[in-house]
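**Q** Assemble the complex: chain A is given as a structure, and chains B, C and D with the ligands must be docked to it using the hints.
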Amino acid sequence: MTLHFLGKTLKNPLVLASGVLGNNKQILERVHENGCGLVTMKSIGPAPRDGHKNPTVIDLGCGMINAVGLPTPGYAHMEEEWQALETRTFPLNASIYGGSVAEYQTVAKFVAAKHPDFIEINISCPNSEQHGMIFGVSEQSAFDVVSAVKQVIGDIPLIAKLTPQAPDIAKIAKACEAAGSDAICAINTAGPGMVIDIESKMPILAFKKGGLSGPMIRPIAVRCVYDIFQAVSIPIIGLGGVTTGKDAVEMIMAGAHLVGIGSGVRYRGIEIFKKVNQELNAWLCAHDTTLEQIRGAAHGRDAVKNKGQAQ
Amino acid sequence: MTLHFLGKTLKNPLVLASGVLGNNKQILERVHENGCGLVTMKSIGPAPRDGHKNPTVIDLGCGMINAVGLPTPGYAHMEEEWQALETRTFPLNASIYGGSVAEYQTVAKFVAAKHPDFIEINISCPNSEQHGMIFGVSEQSAFDVVSAVKQVIGDIPLIAKLTPQAPDIAKIAKACEAAGSDAICAINTAGPGMVIDIESKMPILAFKKGGLSGPMIRPIAVRCVYDIFQAVSIPIIGLGGVTTGKDAVEMIMAGAHLVGIGSGVRYRGIEIFKKVNQELNAWLCAHDTTLEQIRGAAHGRDAVKNKGQAQ
Amino acid sequence: MNAIQTPVMLRVAQKKIHGPSFASLYFDHSLEFKPGQFVMVWIPGLDEKPYTISHHSKTGFAITIEAKGIFSKKAVALEEGDLVGFRGPFGNGFNILSSPDIAVVAGGCGMAPLAPLVEALDKRIVFIHGARSKDFILYPERFDTPRQICTDDGSQGHKGFVTDLLEREIITRKKAGTPPLKMVYTCGPEIMMYKIFLVCESFDIPCQVSLERYMRCGFGVCGACVCGRQVVCKDGPVFDSKHLRTMEDFNKTALLKSGKPVQLDQYFSWRCQ
Amino acid sequence: MNAIQTPVMLRVAQKKIHGPSFASLYFDHSLEFKPGQFVMVWIPGLDEKPYTISHHSKTGFAITIEAKGIFSKKAVALEEGDLVGFRGPFGNGFNILSSPDIAVVAGGCGMAPLAPLVEALDKRIVFIHGARSKDFILYPERFDTPRQICTDDGSQGHKGFVTDLLEREIITRKKAGTPPLKMVYTCGPEIMMYKIFLVCESFDIPCQVSLERYMRCGFGVCGACVCGRQVVCKDGPVFDSKHLRTMEDFNKTALLKSGKPVQLDQYFSWRCQ
Ligand SMILES: Cc1cc2nc3c(=O)[nH]c(=O)nc-3n(C[C@H](O)[C@H](O)[C@H](O)COP(=O)(O)OP(=O)(O)OC[C@H]3O[C@@H](n4cnc5c(N)ncnc54)[C@H](O)[C@@H]3O)c2cc1C
Ligand SMILES: Cc1cc2nc3c(=O)[nH]c(=O)nc-3n(C[C@H](O)[C@H](O)[C@H](O)COP(=O)(O)OP(=O)(O)OC[C@H]3O[C@@H](n4cnc5c(N)ncnc54)[C@H](O)[C@@H]3O)c2cc1C
Ligand SMILES: Cc1cc2nc3c(=O)[nH]c(=O)nc-3n(C[C@H](O)[C@H](O)[C@H](O)COP(=O)(O)O)c2cc1C
Ligand SMILES: Cc1cc2nc3c(=O)[nH]c(=O)nc-3n(C[C@H](O)[C@H](O)[C@H](O)COP(=O)(O)O)c2cc1C
Ligand code: FES
Ligand code: FES
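Residue numbers (this note's numbering), protein chains in the order written: chain A, 1 to 311; chain B, 312 to 622; chain C, 623 to 895; chain D, 896 to 1168.
Next comes chain A alone, as it looks inside the complex (with noise of 0.2 Å):
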């Protein structure tokens, strides 16, 4: 099932969701092993943080919710993992984020410098800029900061990571696109929620509210999918609540190009991967068609035709 993507070769359309296990370069290595297409870090940061206190990851049975923090050693304080990635035998997906443009501009600047095949910008980040607002919900902010990222990381292909807390995630998406974003990734947790403990009268998390992902989230990924791939040209990572070849077939179906899994891993896994890989083979196998053939299926023969061109 090899096949290309933004000019590299993935094994297959999986994908490791930033922030899943991507801790070090062994445990990337495990999952690219276990049928991963393609690894993607635990986002770095502008500088150092440990994170919030737990609790911080609980799984609420159709989905989990989190709110660890961006806990990360900085960019500037991972020479021994940047040393140890070069030597890598797998493509891998650095992801980033910052608190300003100019952050973003220089985790991303040193970052590239380190050769990642794809660099991952997260943007559902408070922007510190603006108050607090997340960049990712406002066209002009996701603009500026694709476009400033983009200047920086020479011809290493650039995927915006996008949250489903935005009003129209379709044009955010056409925002980076224009911006020169090389792909979109979708979706980030999306709420946040919050869940307490009634005992303590307590929210759980620490931090008291917290992103949701797993199942429980996948209506709406595919639907921001579905919607992005209406919008843009650029090819789409499809994440969100996939745990099955069956989701992955869904999300490929609403425009997905490659099929990102995070949660799953709690509830089938590290071998999620080579599962769903399995799936999702027999089922194409079963209905005698391809991964090209079923991309953005859901939109009807002809919106898939006229797609390039309806830009």
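A hint or two may mislead.
The list that follows gives simulated cross-link-like pairs (lysine to any residue, SDA-like), each with its CA atoms no further than 25 Å apart [to be verified]:
1) C:LYS879 to B:TRP393
2) A:LYS11 to D:GLY1123
3) C:LYS695 to B:ASP361
4) B:LYS512 to C:VAL634
5) B:LYS520 to A:SER233
6) A:LYS201 to B:LEU314
7) A:LYS274 to B:ARG399
8) A:LYS246 to C:PRO666
9) B:LYS512 to A:TRP283
10) A:LYS53 to D:LEU941
11) D:LYS968 to A:SER200
12) D:LYS969 to A:GLY69
13) C:LYS671 to B:LYS557
14) B:LYS364 to C:THR628
15) A:LYS208 to D:GLY940
16) B:LYS322 to B:GLY556
17) B:LYS585 to B:ARG399
Some chain B residues judged to face chain C by a derived CB distance under 8 Å, without partners named [stated by the list, open to error]:
18) ILE338
19) ARG341
20) LYS353
21) LYS364
22) ASN365
23) LEU371
24) PRO382
25) HIS388
26) GLU391
27) LEU396
28) SER511
29) GLY556
30) SER574
Simulated from the structure, these hints should not be mistaken for laboratory data. Beta carbons: idealized from backbone N, C-alpha and C, even for Gly.
**A** Just chains B, C and D with the ligands, lined up with the frame of chain A:
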């Protein structure tokens, strides 16, 4: 558990959500007899509307997705229903919607003359004056529609029903309070979402996208109620994913005065109101506490005490 | 709750055409089922509507459709191999009595829910079937149980109404001193079911009828199908005499798609426009 | 997956203080459990941390805490009746062999996960327990299985390290020609476990150790606890020799809360600041 809400007496704090079973007097009465303190009619619109084609409502297991499309006989074509409701023996919440401020006003004025106990305005509808943007995602739109409706409904208490799609629901709630809303109902359906049938390659809902409800949106609803409680002094109807007495306790601890139930009817039948009341009472009893004592408890003791003044 | 919630897509395994306007579509899929329950049938791109399960076995089931409006005409025009979506089964089904002293009264396509019921009942029951004319008599060869036919035009069996035959049966039993009917099951046009109900009431015989209303969710949430205090998709579609007595809307009103309650004749004429 | 996912709040049913810095908290709640598994312990308003289940019965369980930093000090200061939240049990637990030819080697609070294991093993096993001094020996009265004690200061038993006692045992068996050890289970400071591992490797005896890393989710998603290729909360916390051989980070590095990998001494000193 009799309690007072905006000058009316309710036999308990449970509310039937709009759009669920509220299609005629007899069924509203049955829901009331089955333990619901306040029943809400299906949202009434400015003109007759069939709503969308089926499928319109699909159960996803941990919640449901719906795009019913606001079917309504139209406020002016319900004479028999209004007559029947005149002799009702239960408190009634009349939900209304419109496509413009003027339409909301027209419907509200007419409905007010029928003497419902409360009027709830569903501001999750596309605002025709602002290119389909939803009323409830803009502070200005929310303010405008609430003030306009308030002018024409005399002393009938007004409840503004908000959508979690607002980038900051607390701000919308504040705008509604400033415009004269007597209470807030939160939340309407979340998302929107989409579910694709991969065999036919079609979105399952005829309208393609739909709102999410039921257990999977409870964390979102709880977070919204929590945020709104910190922003306003008017009471809140907490709604979204409640199916058990413990869920109701959680909603109340987040800050709700009353607790709404919609999709829960799917999972526990019309008797859900009786059951949730029993469970809620049992919990209060076992913890030797009252509704008043636990309301807003998740905010900490001081936060609750200072609430009035903090505005 | 073993019902299917998100549509499962099945291919038409076999299609049987019955007379000028009926067709049965067979599907190779095993469903848990009680006679009287229905499924929501989705034709992608068109609409989704409720249909009774008219045939049921361990490995498959069928629905029988009368071509009336846009949806049902498209449904009877489906071919073997076409994909159709199903949710369900929903609803309560008939409460089944094991006794020979039972009558089943079908009108037209109302035979669909009653057919699996008849197959589950004693072979000695009274089985009455009315139709417009000979050509519209569903499943002419299907049953071991003998059937009394009546047609509006007299082209087969008794010329007249199913109520005539039912009343005759009740009176005959009374006169002969044989055991009275213990239950009457019926499905057909609502006016017919209402008349059957009145006959049963006058003779103190309990009955069960299967109602039809416009449906959306099929599982008791949206309220589209309410009939008085009853939620047809969830509390019904089968209702017994006890409920029927308190259902003001029975044979009177039904909600249009908009939620507007209208007289039944208006409901049906509007639907079949 | 019978583990508790959203914290269940339990009241401290009983508290037992052990020496100067340990306490066990008992809870009346039945948990499915394998020796070696852990729970995430939540003190509302403070933090949530992993603790091994140190006592287990059909109706209850306990955790044993060593007062070290802010959280554990607060935990040992909890009183009967206080509310504590639990998620779990998580992790894989020990792979249990039924044989008398087994050694269990505990260091300090590392006794906590090993205690229920010892209770599940043959009474004739070799059971070694090391501690700083006499006062720090956990559960002095608990076991039917005889225990060889060693302390750093010689205040009880052998003065010296658990590795001394283990090596002595292995060599004695060799000389006497009695069956060699089939398995060594160990938990304690990582440097101690590493030394035990080396001893075992040199004598070709398999071992199982229980590792400790900073944890967030407890169920293998967040990656906070990775140790080389292994996810400690999910693949561990118990690892056997086969895995240990390939775990470059064993006794070397651990991730801080920020995700930064540091030398173990730095990890532990930073934590206990
Ligand atoms: C429980 C149940 C079981 C049923 N079982 C069977 C069965 O076994 N066999 C069978 O043939 N039929 C059955 N029906 C009826 C079936 O669901 C359809 O109503 C019938 O096939 C006619 O549909 P149609 O769309 O072809 O025609 P029409 O009903 O004429 O539809 C024409 C148009 O009107 C609209 N419409 C339909 N009904 C309404 C309404 N109430 N309010 C507003 N708009 C409406 C439709 O969207 C359509 O666009 C059953 C109905 C119920 C409730
Ligand atoms: C599987 C497992 C089982 C365990 N079982 C037990 C047991 O049975 N009994 C027992 O006493 N202990 C056990 N522990 C250790 C326990 O979880 C705590 O680490 C220990 O109690 C010390 O916690 P503390 O917060 O009191 O002190 P410290 O660890 O010193 O904490 C001080 C501060 O440092 C922070 N911190 C702690 N660790 C890190 C880190 N790695 N990176 C960054 N910041 C950090 C904390 O947030 C805290 O604010 C177990 C650990 C694991 C992983
Ligand atoms: C524990 C956890 C940590 C996450 N951390 C990050 C992160 O650091 N950066 C990021 O872009 N997304 C992060 N995410 C979001 C995921 O990458 C993903 O977008 C989201 O979880 C939806 O996918 P899923 O439903 O498959 O988990 C995190 C998600 C989880 C559950
Ligand atoms: C089938 C269905 C129809 C609905 N129709 C309306 C409506 O007409 N007006 C409205 O304000 N909310 C409507 N809602 C939203 C509910 O009132 C409620 O806000 C939402 O479902 C969340 O609550 P729940 O999780 O308890 O269902 C509808 C919800 C459902 C499931
Ligand atoms: S069809 Fe929705 S309640 Fe009956
Ligand atoms: S604690 Fe999250 S992966 Fe181990």
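**Q** Now, for every hint given, state plainly whether the structure supports it.
**A** Structure-based check of all given hints:
1. A hinted pair counts as satisfied when its Cα atoms are at most 25 Å apart, and C:LYS879 with B:TRP393 qualifies at roughly 19 Å.
2. For the hint pairing A:LYS11 with D:GLY1123, the CA-to-CA distance comes to about 24 Å; that is within 25 Å, so the pair holds.
3. For the given pair, C:LYS695 sits about 21 Å from B:ASP361 by alpha-carbon distance, which is consistent with the 25 Å threshold.
4. Proposed proximity of B:LYS512 and C:VAL634 is supported: the alpha carbons are some 18 Å apart, at most 25 Å.
5. With a CA separation close to 22 Å, the supplied pair B:LYS520 and A:SER233 stays within the 25 Å bound.
6. A hinted pair counts as satisfied when its Cα atoms are at most 25 Å apart, and A:LYS201 with B:LEU314 qualifies at roughly 22 Å.
7. A hinted pair counts as satisfied when its Cα atoms are at most 25 Å apart, and A:LYS274 with B:ARG399 does not qualify at roughly 61 Å.
8. About 19 Å separates the Cα atoms of A:LYS246 and C:PRO666, which keeps this hinted pair within 25 Å; it holds.
9. A C-alpha spacing of about 13 Å is found between B:LYS512 and A:TRP283, which places the hinted pair at or below 25 Å, so the restraint holds.
10. A C-alpha spacing of about 8 Å is found between A:LYS53 and D:LEU941, which places the hinted pair at or below 25 Å, so the restraint holds.
11. Distance hint between D:LYS968 and A:SER200 is fulfilled; the C-alpha atoms sit about 20 Å from each other, no more than 25 Å.
12. Taking the CA atoms of D:LYS969 and A:GLY69, the gap is about 24 Å. The hint holds against a cut of 25 Å.
13. Distance check on the hinted pair: C:LYS671 and B:LYS557 sit about 37 Å apart at the alpha-carbon level, beyond 25 Å; violated.
14. Pair hint B:LYS364 plus C:THR628 holds up; C-alpha atoms about 16 Å apart against a cutoff of 25 Å.
15. In summary, the hint linking A:LYS208 to D:GLY940 is supported, as the alpha carbons are separated by about 10 Å, within the 25 Å threshold.
16. Distance hint between B:LYS322 and B:GLY556 is fulfilled; the C-alpha atoms sit about 16 Å from each other, no more than 25 Å.
17. With a CA separation close to 20 Å, the supplied pair B:LYS585 and B:ARG399 stays within the 25 Å bound.
18. Among the interface hints, the one on B:ILE338 holds; its C-beta lies about 5 Å from the nearest C-beta in chain C, closer than the 8 Å criterion.
19. Taking 8 Å as the C-beta contact cut-off toward chain C, the hint placing B:ARG341 at the interface holds, the least distance being around 5 Å.
20. Because the smallest distance between the Cβ of B:LYS353 and any Cβ of chain C comes to about 6 Å, under 8 Å, the interface hint for this residue holds.
21. A distance limit of 8 Å between C-beta atoms decides the matter here; for B:LYS364 the minimum to chain C is near 5 Å, and the interface restraint holds.
22. Interface hint at B:ASN365: satisfied, since its Cβ lies 4 Å from the closest Cβ of chain C, which is below the 8 Å cut-off.
23. For B:LEU371, the interface hint holds, since its Cβ comes within 8 Å of a Cβ in chain C; the closest pair sits about 7 Å apart.
24. Below 8 Å, beta-carbon pairs count as interface contacts, and B:PRO382 has one with chain C at about 5 Å; its hint therefore holds.
25. A least Cβ separation of about 6 Å between B:HIS388 and chain C falls short of the 8 Å threshold, and the interface hint therefore holds.
26. Here the hint on B:GLU391 is kept, as its CB sits about 7 Å from the closest CB of chain C, short of 8 Å.
27. Among the interface hints, the one on B:LEU396 is violated; its C-beta lies about 13 Å from the nearest C-beta in chain C, farther than the 8 Å criterion.
28. Nearest Cβ of chain C to the Cβ of B:SER511: about 4 Å, under the 8 Å cut. The hint holds.
29. At its closest, the beta carbon of B:GLY556 sits 20 Å from a beta carbon of chain C; the interface hint therefore is violated under the 8 Å criterion.
30. Given hint, B:SER574 at the interface with chain C, holds; its Cβ is 7 Å from that chain's nearest Cβ, closer than 8 Å.
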